[in-house]
Amino acid sequence: MKKIIGSALAGTLGLSIAFGISAGPVEDQIAFQKYYENRFPDTPTEDFANGVYSILPAAREQWEAIEEFPPYELAIEAGEEFYNKPFANGKSLADCFGADGAVRNQYPKWDSERGMVVTMELAINECLTANGEKPLKYKKGKITEVTAFMSFNSRGQKVDVKIPSDDPRALAAYENGKEHFYTKRGQLNFACADCHLLTAGNLYRADTTSPGFGHGTHWPVFRSKWQSMGTLHRRFGGCHKNIRANPYKAQGEEYRNLEYFVTYMSNGLEFNGPAARK
Amino acid sequence: MKFKLKMLIVGLALTTSGAFAGNGTTAEHIEAATAAYKQVAKDTSYQWTTTVRTIKAARKALEAGDDKAARKLAHQAMDLVEATRLQAKIEGETWQMRVPK
Chain A
1 MKKIIGSALA GTLGLSIAFG ISAGPVEDQI AFQKYYENRF PDTPTEDFAN GVYSILPAAR
61 EQWEAIEEFP PYELAIEAGE EFYNKPFANG KSLADCFGAD GAVRNQYPKW DSERGMVVTM
121 ELAINECLTA NGEKPLKYKK GKITEVTAFM SFNSRGQKVD VKIPSDDPRA LAAYENGKEH
181 FYTKRGQLNF ACADCHLLTA GNLYRADTTS PGFGHGTHWP VFRSKWQSMG TLHRRFGGCH
241 KNIRANPYKA QGEEYRNLEY FVTYMSNGLE FNGPAARK
Chain B
1 MKFKLKMLIV GLALTTSGAF AGNGTTAEHI EAATAAYKQV AKDTSYQWTT TVRTIKAARK
61 ALEAGDDKAA RKLAHQAMDL VEATRLQAKI EGETWQMRVP K
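Residue numbers (our numbering), protein chains in the order written: chain A, 1 to 278; chain B, 1 to 101.
To be clear, the hints were calculated from the coordinates, so they are not data collected in a lab. Source: prediction; values computed, not measured. Certain hints may be false.
As a list, the in silico DSS-like pairs of lysine-lysine whose alpha-carbon atoms are at most 27 Å apart [unchecked claim]:
#1 LYS241(A) x LYS60(B)
#2 LYS72(B) x LYS241(A)
#3 LYS241(A) x LYS56(B)
#4 LYS249(A) x LYS42(B)
#5 LYS109(A) x LYS56(B)
With the hints as extra help, turn the sequences into a complete structure.
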């Protein structure tokens, strides 16, 4: 107990030297991106969309070899089939998202009518249920196939998350996600920022932690550890379990707000999902 | 800040030891830890997987008739609950220090 408290205080005091209270989203984003550009000066800014492979040349070679025959290819094909499959009422996902589903750059977005963040996965399920179809599970399976297809067709679109200035609830959702990112949790006392900002690029056991800049760009992913496709919220839950914190509900408010913050921080990068990751 | 934290730690230690100073059955101690866990989750949204596992282990030990081990685990679970609450308090006051400026 004393050790936990001691570590927490020492970490806090150390960090306070280099960091400080910041201002609004725009200032946050500039400072966030600048942090990584200074920390990894050899990485071209646009390359942060490639996660840990943007900072690890050796691992990048293996990753590029994997990308020649990408393990998510089948998911894209299955997703396309599901996307165009008519619902019982004769409509399809194409009626909600257009012929090719290339709408990745519209999510996550703030819905001012409902006062909440809407992610692409949530929008897909809302389209399904509005047409009398069953919703998909949010962490893996069919949802990743649909989003793989839609993300693939959206490749090259710029991340452009907006926080409407005329709706204070949007800023509150952003702030909630921001607080989550920087707050230590779990028995191991880690914040998202500990691994993916402060010590990004360092080894944790045999794994190098990826830069937080670029975290929202490449989903869904085929992860070697999972041997399957997964959503960003599946990954959030996995991270929380790693630090011995109970994960939150996929597509619940906590994770949607976290996605809102994380993706906003990557504004300006290109969407390049789906992707393969270790 | 340091003084406040010291006082908080002392307070928590007294509260915890006070709660378990009474006789109560082991089952009651386990239920107290469970209730405290739920309360912290409600108050702070912080939950540790370890606490859940420890409470489950205490129940299992009690079912197996190992009262001493069950009681020890119940007390460990309560310590974890208090550490969770403390973490939430510290983080509520300090997380902004990690934000790059």
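**Asked** Given the hinted pair LYS241(A) and LYS60(B), is their alpha-carbon gap at most 27 Å?
**Response** holds, 23 Å
**Request:** Measure nothing beyond the straight line between the CA atoms of LYS72(B) and LYS241(A); if it is 27 Å or shorter, mark the hint as holding.
**Result:** holds, 25 Å
**Request:** Please work out if LYS109(A) and LYS56(B) have their alpha carbons no farther apart than 27 Å.
**Result:** Since the Cα atoms of LYS109(A) and LYS56(B) sit roughly 40 Å apart, the hinted pair is violated (cutoff 27 Å).
**Request:** Decide if the proposed pair is consistent with the structure: LYS241(A) and LYS56(B), CA atoms, cutoff 27 Å inclusive.
**Result:** holds, 17 Å
**Message:** Just to be careful, I want the Cα atoms of LYS249(A) and LYS42(B) compared with a cutoff of 27 Å; is the pair within it?
**Reply:** holds, 15 Å
Of the numbered hints stated above, the single one contradicted by the structure is hint 5.
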